[in-house]
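Visitor: So you can see what is in the structure, the chains are spelled out below.
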Amino acid sequence: MTTVRISDDALALACGADAVAAAFKGAGCTVERVSSWGMHWLEPLVEIEGKGFGPATPEDVPAILSGTSGKAIGPIADHPFLKGQQRLTFARAGRTRPLSLEDYAATGGWASLTRTRGMAAADVVAEVLQSGLRGRGGAGFPAGIKWQTVANAQAARKFVVCNADEGDSGTFADRMLMEGDPFQLIEGMAIAAHAVGAQLGYIYVRSEYPHAIAKLKAAIALAAEHIAPFALEVRVGAGAYVCGEETSLLNSIEGKRGEVRAKPPLPALEGLFGCPTVVNNVLTLAAVPHILTPGGASLYDSLGVDRSKGTMPIQLAGNIRHGGLYETAFGMTLDRLVNAIGGGTASGRPIKAVQVGGPLGAYIPPSRFHLPFDYEAYAGADALIGHGGIVVFDDSADMGALARFAFQFCAAESCGKCTPCRIGSTRGVELIDRIRGGGKAGPDAVEALPQMHNARKAGRSREEDLHLLEDLCETMQLGSLCALGGFTPYPVRSALKHWPEDFGA
Amino acid sequence: MSKPSLPAILADFAAEQASLLPICHEVQAAFGCVDAAAEAAIATYLNLSRAEVHGVVSFYHDFTPTADPRPCVELCRAEACQARGVEALVAAAEAAAVNRVRVKTVYCLGLCSSGPAARVGDTLHARLDEAKLTALVRSL
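Sequences listed follow chains X and V, in order.
For the first sequence, my numbering assigns the number 1 to the initial residue and increments by one for each residue that follows.
For the second sequence, my numbering assigns the number 1001 to the initial residue and increments by one for each residue that follows.
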């Protein structure tokens, strides 16, 4: 009987994988549901004896089985999109059944946990430090230093919290990891717990990821005896983007409004319920089992460039022909990622801009596509890598509208704790509307009231409005408590700098 | 299956503040909202003030003060789906919905390489165009 492998990743399901799987079952095949290879334009991707067919529909089944399908892509593992990658965190993607303990153990699962539990906690932290692993959530803080701070803190209770509130548009690596290889995340958290002396862990997942939540809950139940005495719980977010910020995430787990906390105190010292807490992104924790294989830390440290070490699961999204997950060592240029690998736009039109790093990331024009993928190089170019999402826009994009959207999104998602973000975002929307609308000739009805004696009576020129916008951006960037208000100026300023014509110039 | 009662939901959780979000999720799923009466009962059970509970309920987009009995399509309108043309579909979706279906904007379903994307309950839809999206709306 033919064995057919089809992904049960949420994206494959959204593209109709269940119907394809049912059609193969109906044709008498054995169907195995595996994780996704990450070649999203080919989903639902069907694998028979290592050979791929996609994107498959139920109607394609007879042709695929008789070997006459025009959707054959040859051996999947040899596909150029996969050949060029260096998969460490996503080594199992496409190859294993997500909830099979057997598959996990057969591919090296639990070996690092067993090894680290035989090591002194300080030695585990030392290996993470040596690897150069930095937080993959966006800030890029060295994971080993965070762990060391928690390990050195004296407290009866400590926690490991996994930030799986992947709200950035253009990112899906956390989701794919949780749905495709949940045991690896669980193992990484158990290793972190051993290294810092934590007893309990939480995985905070956004409510927009129902499939990831279900997989994690099932995986935790299956893995309980492997990670004991460490215990894990899944917490589901409630639609607040700002809860991806670590301190508001902690408040949310505590049952409070997801408002940002002022730092210090650092969560590593006073985090969840006031106890020392490791808060790491899914990809950070999922990289840990690989790093803690014998020699893994040195290998990780040998990859990448400068201070950006190891591999980054880059997500190619938006208007791109070959979208999906591309894990590679740091240092690759945008041009290579977007054009050579991603195949340009899906619409076939020229690329106008790419946004790297989610809604708070800068828009980058093709003239700067030589930038290497590296935390410091991006920071130096007034941009950020964030969580590694790349969203491509074709020449139909209206950058002025996107800059307005950045403020609008910030206004909708601001937690309200600090003024620059709460009020600045709304003023930003109004200001961009005014600039795009050709300015304001004189005072409006309210400003003209005699009580409003401080209001400006004259109109503002475009230059004055742009100056005001720059002032607002500076205030938000320097005065906000967290990255939501602090980084919203990135997309706004970059759009204005590179595409002033889209602001009605 | 009959709806669980509010006291039955509460009894499943430890009476501590950390239970508040999980409780609200259960209440929202069972009744379609977390209304003032539910807030009061939750506050009593967790020994919190009603203001504290209301503050939390009103903070999160997933909890609503009144139930909306209409079926709901959650349409992603974040940047990646905008890059793939979701904005051009919104008017058609709303026209197909009339007032019978609720078309709700969400930001990101994690299907960013294959948008425009939408969610109905726990069922996801990707690669939507106008025909597929309006058919989806009409099918509810």
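The set of hints was computed from the structure by calculation and includes no laboratory data.
By construction, the Cβ of each residue, glycine as well, lies at the ideal position given by its N, Cα and C atoms.
Keep in mind that a hint or two might mislead.
[To be verified] Stretches of chain X that chain V covers, calculated by requiring three or more beta carbons in the stretch to come under 8 Å of a beta carbon on chain V:
1) 29-43
2) 60-66
3) 144-152
4) 206-213
5) 386-392
6) 396-405
7) 468-481
[As the list claims (entries may be wrong)] If you anchor each label on the Cβ, the simulated ranges turn out as follows:
8) X:28 <-> V:1040: 26 to 32 Å
9) X:449 <-> V:1040: 51 to 57 Å
10) X:433 <-> V:1030: 51 to 57 Å
11) X:57 <-> V:1037: 25 to 31 Å
12) V:1135 <-> X:62: 23 to 29 Å
13) X:18 <-> V:1047: 50 to 56 Å
Visitor: Confirm or reject each hint.
Guide: Here is how each hint holds up against the structure:
no. : hint                         : result
1   : 29-43                        : holds (count 3)
2   : 60-66                        : violated (count 0)
3   : 144-152                      : violated (count 0)
4   : 206-213                      : holds (count 5)
5   : 386-392                      : holds (count 3)
6   : 396-405                      : holds (count 3)
7   : 468-481                      : violated (count 0)
8   : X:28 <-> V:1040: 26 to 32 Å  : 58 Å, violated
9   : X:449 <-> V:1040: 51 to 57 Å : 42 Å, violated
10  : X:433 <-> V:1030: 51 to 57 Å : 41 Å, violated
11  : X:57 <-> V:1037: 25 to 31 Å  : 49 Å, violated
12  : V:1135 <-> X:62: 23 to 29 Å  : 26 Å, holds
13  : X:18 <-> V:1047: 50 to 56 Å  : 45 Å, violated
Hint compliance for this structure: hints 2, 3, 7, 8, 9, 10, 11, 13 are not met, and every other hint is.
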